[in-house]
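There are 2 protein chains.
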Amino acid sequence: MMNETLRVIAERCSCRDYDGRLPDREKLEAIARAAVQAPSAMNRQPWQIVVITDKAFIEEMDAEGMRILSEAGDKAVYERFVNRGGKMYYNAPCMFLILKQPDTEMDAGIVSENIAIAAASLGLGSVICGMAELPFMGPKGDGFRKRAGFSEGWEFGIAVLAGHPAVTGTPHEPDTSKIRFLE
Amino acid sequence: MMNETLRVIAERCSCRDYDGRLPDREKLEAIARAAVQAPSAMNRQPWQIVVITDKAFIEEMDAEGMRILSEAGDKAVYERFVNRGGKMYYNAPCMFLILKQPDTEMDAGIVSENIAIAAASLGLGSVICGMAELPFMGPKGDGFRKRAGFSEGWEFGIAVLAGHPAVTGTPHEPDTSKIRFLE
Numbered sequence: 391m392m393n394e395t396l397r398v399i400a401e402r403c404s405c406r407d408y409d410g411r412l413p414d415r416e417k418l419e420a421i422a423r424a425a426v427q428a429p430s431a432m433n434r435q436p437w438q439i440v441v442i443t444d445k446a447f448i449e450e451m452d453a454e455g456m457r458i459l460s461e462a463g464d465k466a467v468y469e470r471f472v473n474r475g476g477k478m479y480y481n482a483p484c485m486f487l488i489l490k491q492p493d494t495e496m497d498a499g500i501v502s503e504n505i506a507i508a509a510a511s512l513g514l515g516s517v518i519c520g521m522a523e524l525p526f527m528g529p530k531g532d533g534f535r536k537r538a539g540f541s542e543g544w545e546f547g548i549a550v551l552a553g554h555p556a557v558t559g560t561p562h563e564p565d566t567s568k569i570r571f572l573e
Numbered sequence: 391m392m393n394e395t396l397r398v399i400a401e402r403c404s405c406r407d408y409d410g411r412l413p414d415r416e417k418l419e420a421i422a423r424a425a426v427q428a429p430s431a432m433n434r435q436p437w438q439i440v441v442i443t444d445k446a447f448i449e450e451m452d453a454e455g456m457r458i459l460s461e462a463g464d465k466a467v468y469e470r471f472v473n474r475g476g477k478m479y480y481n482a483p484c485m486f487l488i489l490k491q492p493d494t495e496m497d498a499g500i501v502s503e504n505i506a507i508a509a510a511s512l513g514l515g516s517v518i519c520g521m522a523e524l525p526f527m528g529p530k531g532d533g534f535r536k537r538a539g540f541s542e543g544w545e546f547g548i549a550v551l552a553g554h555p556a557v558t559g560t561p562h563e564p565d566t567s568k569i570r571f572l573e
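Heads up: the protein sequence lines correspond to chains H and Y, in order.
Under my numbering, think of the first position of the first sequence as 391, with each following residue one higher.
Under my numbering, think of the first position of the second sequence as 391, with each following residue one higher.
Misleading hints may appear alongside valid ones.
Same chains, same label: a pair holds when it works inside one copy or across any pair of copies.
Claimed, not checked - With a Cα cut of at most 20 Å, we get these calculated SDA-like pairs of lysine to any residue:
id, residue 1, residue 2
1, K477, E450
2, K477, T443
3, K530, D444
4, K530, D493
Derived by calculation from the structure, the hints in this document are not laboratory data.
Chain H on its own, in the form it takes in the complex (with noise of 0.2 Å):
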C-alpha cells in the first residue's frame, strides 16, 4: 500500500551534505506552517519555531560547536565531523530551532518530524540534529540565547538542519522486526 504522503516518509532520510543554496522563503514558511500544524499533549503548543537563515549566525554557532567538540575528552565525534568538511551543520543554509517549555521532548520530537517531512515533500534535504544545542551550552550560550530569542521559560528543544542536498542520500532499510501485531 502506497500513496504520495507515505512514499515522502519512505523516501526520507537525513542530509548531512548542504550545497549552501538558500530555499524559497515559500517553502521554509510552509515548513514552519507545518510545524505548528502538530499535534500536542493536550493541545498546549509548548513551542516556538525560529527559522533561521542569518549565514553570519549560522556559521559562529557551528564554529563554536565545533570549537567545544574539540576539546571534548572523547575526540571520535570531532573527528567524524572533521573528516565530513568540518561543519557540525553541515553547511545548510537554514536551521529550524525548536524551543521548547519543559519536559515536553516528545512534543519537540513530534514537531521536528512534521518539518522532516514537510521538508521532504518539497524535495529538500533535512536533519534532525540534537548536537546543535552545543553551542548554547557553551561560555557563548547566554549570547546566541538572546540572539536566537528565547525568553524566560524557553529552552533549546531540538533542531532541523534543511536545504538542498549535495549528494542523493538513500533511505535506512526500515527494520520492520521492530513492529509485532497482537490480534
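Dock chain Y against the given chain H, drawing on the hints supplied.
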C-alpha cells in the same frame, strides 16, 4: 505553497471518536512501516511498535484506565471521558503502542508523528495518547506489560490510537505567531 503531503499534515486532526471498525490489515502494515522509517538519534531506533487490534485487550486496558482515573483526587479528567462516552480509548479498534528505551522521549515523539501522518494519508483518524500509560501503572500493569510483550529495558513510550473516525474532525487553526524568522 501546497502539495499532497502538506495537505495531509494540514488536515490531520486528533480523532476522539471512532466507529470501531477495524481498518484493513494492509493499512495497518503501511502505518507500522512508516513508523519504523522515522529518523532517530544516532540511528539507534530505540523503539518497538506493537500493533494491538485484540479487542478484548484494548477493552480491558480501557476499563482499567477509567477505573484508575475514577479514583484520582481530581475527577475532572474522569468526568470529561464519562461525558464523551466513558471510553478512554474512544472506541478505537487499534492501538499503536510504542515501547521505548530510557531517555528517548524525543525519538518516541518522532515515531508517533509518522504514525499519525501515515494514518491521515490513508483516510484514518488517529490520536496520540499519553494517557494510554495509565493501565500500565496500576495493579494490573505487570500483566498488561507481559501481554504486550515488554521485555527487559523497554518501557511505555507513547501510544497512537487509530481507526475510522465516527465524526468528521476539524483541524486546529495553526498558531503562526509561534513562528519567527531570523534572516
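Hint check results:
1. K477 x E450: within (11 Å within a copy, 52 Å between copies)
2. K477 x T443: within (16 Å within a copy, 46 Å between copies)
3. K530 x D444: within (17 Å within a copy, 54 Å between copies)
4. K530 x D493: Neither: 24 Å inside a chain and 27 Å across chains, both beyond 20 Å.
The structure is inconsistent with hint 4 alone, although it conforms to all the rest.
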